[in-house]
Amino acid sequence: MHLDDYRRYDLTDLAGLLKSGEVAADEVHEAARTAIEQVDGDLNAVADGPWPSPLPYAPDGPFAGAPFVVKDLACHPRDVPMRLGSRLTGAGLTAPHDTHLMARFREAGLATLALATTPELGISPSTEALVYGPTRNPWDLACSPGGSSGGSSALVAARAVPAAHANDSAGSIRIPAAACGLVGLKPSRSRVPIGPDAQEIVFGQMSELAVTRTVRDAAAVLDAASGWAPGDHVRLDPPARAFRDEVAVPPGRLRIAVHTDSWAGSTVDPEVRTAVDQVAAELASQGHHIEEATPCIAWDALVDAQVAIFSAATAQAVSGIAQASDLPTDETTLERVTLAFSERGRQLSALDLAQALASRNDLSRELGSFFTDHDVLVTPTLTTPAWPVGRFDQDEAGVDPETWLRRIFDICAFTPLGNITGTPAVSLPLGTSRHGLPVGVQVAADMGQEATLLRLAAQLEGAMPWRERLPAVHAGTADNPRKEP
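Each residue of the sequence shown is one higher than the one before, counting from 1 in the numbering used here.
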């Protein structure tokens with residue numbers, strides 16, 4: 001398969017070609033390896049791989065061997081060393097079993113060819129871990145692809161793979177999706193299982209799924225990944241129909257709230273505001289009821305709670321990794337900001353953590369009340385298009401956890417609410433800056449309402465298509481006259 005053909009296809013396209021026998025799996029995997037190698041010299045998005053053969057998968061699964069990449073964090077394949085973006089793992093830590101999600105990726109026929117880069121333990125919006133070096137954005141190599149799923153997003157945006165695993169504790173699916181011009185769906189809490197090694201990660205704030213180029217691919221991956229697993233504490237109601245079928249269902253007339261002012265009080269780039277305004281105008285033209293409205297967010301209380309929650313989660317993770325690797329926890333093995341979070345976490349009392357979780361509950365109740373009057377909340381995903389590499393240095397000396405989170409939330413002010421409350425949200429690449437960088441618009445809904453998001457996202461994709469856009473760095477020839485399908 002020629003790379004100019006390979007890069008044209010999304011995950012659904014490739015799965016159809018593979019299932020029909022029109023192309024052979026080996027042929028597609030070779031094209032994917034070539035594509036990854038072609039772009040990674042510029043992007044530095046691969047943590048390990050591409051391997052000569054993909055990890056074992058079920059060829060009769062719905063994706064039939066379509067190429068895939070797994071982020072080097074949380075979703076571990078059995079017997080594959082993972083570094084989690086950290087020198088503390090030494091040469092990498094292995095597990096004797098798959099996570100539930102990794103097993104579902106295999107059963108669905110996703111052929112994993114590589115691990116993708118992440119910032120250390122996922123606590124940065126830029127993917128610049130010392131253990132790999134900085135990952136770069138295919139739209140502009142001077143810019144970050146975002147994080148923490150930055151390696152996955154850079155590879156998908158560059159057309160090296162059609163989709164890649166991602167996870168999200170404060171925006172880490174949606175942030176790089178916005179920076180790289182992709183669809184980034186964060187599912188509801190407990191929609192996709194985290195286990196079996198943990199009941200939850202970051203006290204329930206982490207959700208797992210993928211970054212994709214199309215809405216239908218996000219829906220198809222959600223079908224493969226979602227559903228209760230034995231031992232899970234929470235079982236969400238199953239969807240009324242397959243999520244991939246929701247993409248073809250009209251959303252009906254929705255009550256849509258639009259908000260463009262940063263809850264952090266930070267400046268929102270005028271081009272980002274313009275993108276949201278254009279989306280709101282399109283939604284109004286589709287017959288939806290549009291109004292400017294926002295939930296009431298007690299921002300300082302949110303930040304205080306997130307400092308405690310991320311500090312406690314980091315301390316727990318660092319302790320477990322150090323025990324497994326038998327390495328010291330100091331500046332030789334951890335970046336300075338990570339170490340500061342870990343040390344703060346060790347100082348927290350049980351009362352500190354209980355108060356943080358109580359504050360999180362207050363926000364959940366506020367947003368739940370808001371969604372009784374609105375079906376959807378539309379905001380920017382980020383306050384700015386992609387930023388320069390180096391803006392977020394996780395090894396910077398003297399940065400305390402609160403300062404670090406406030407810096408992050410100045411740019412990512414709109415994403416943490418979905419993690420705190422457990423509600424679903426999707427970033428869609430619906431705008432472009434004057435410098436040609438993607439601008440993401442976030443669409444959020446109430447708990448369990450992924451179907452609503454997918455219907456509305458598909459409507460927007462049809463009205464404001466993005467699939468033909470190609471970044472500066474991409475697989476295939478530089479001057480391909482054919483348009484994307």
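Derived from the structure by calculation, the hints contain no laboratory data.
Backbone N, C-alpha and C fix where the C-beta goes; we use that ideal spot for every residue, glycine too.
There may be inaccurate statements among the hints.
Stated by the list, open to error - Derived DEER-like restraints, expressed as beta-carbon distance ranges:
1. 436 / 16: 30 to 36 Å
2. 278 / 255: 48 to 54 Å
3. 299 / 228: 30 to 36 Å
4. 22 / 300: 35 to 41 Å
5. 242 / 365: 42 to 48 Å
6. 347 / 368: 31 to 37 Å
7. 130 / 300: 30 to 36 Å
8. 248 / 330: 53 to 59 Å
To see whether the hints hold, each was checked on the structure:
1. 436 / 16: 30 to 36 Å: holds, 31 Å
2. 278 / 255: 48 to 54 Å: violated, 20 Å
3. 299 / 228: 30 to 36 Å: Holds: the Cβ-Cβ distance is about 34 Å, inside 30 to 36 Å.
4. 22 / 300: 35 to 41 Å: Once the Cβ atoms are compared, 57 Å apart, the range 35 to 41 Å for residue 300 and residue 22 is violated.
5. 242 / 365: 42 to 48 Å: Taking Cβ atoms as reference, residue 242 and residue 365 lie about 32 Å apart, which means the hint is violated.
6. 347 / 368: 31 to 37 Å: About 32 Å separates the Cβ atoms of residue 347 and residue 368, which means 31 to 37 Å holds.
7. 130 / 300: 30 to 36 Å: holds, 32 Å
8. 248 / 330: 53 to 59 Å: For residue 248 and residue 330 the Cβ distance comes to about 55 Å; the hint holds.
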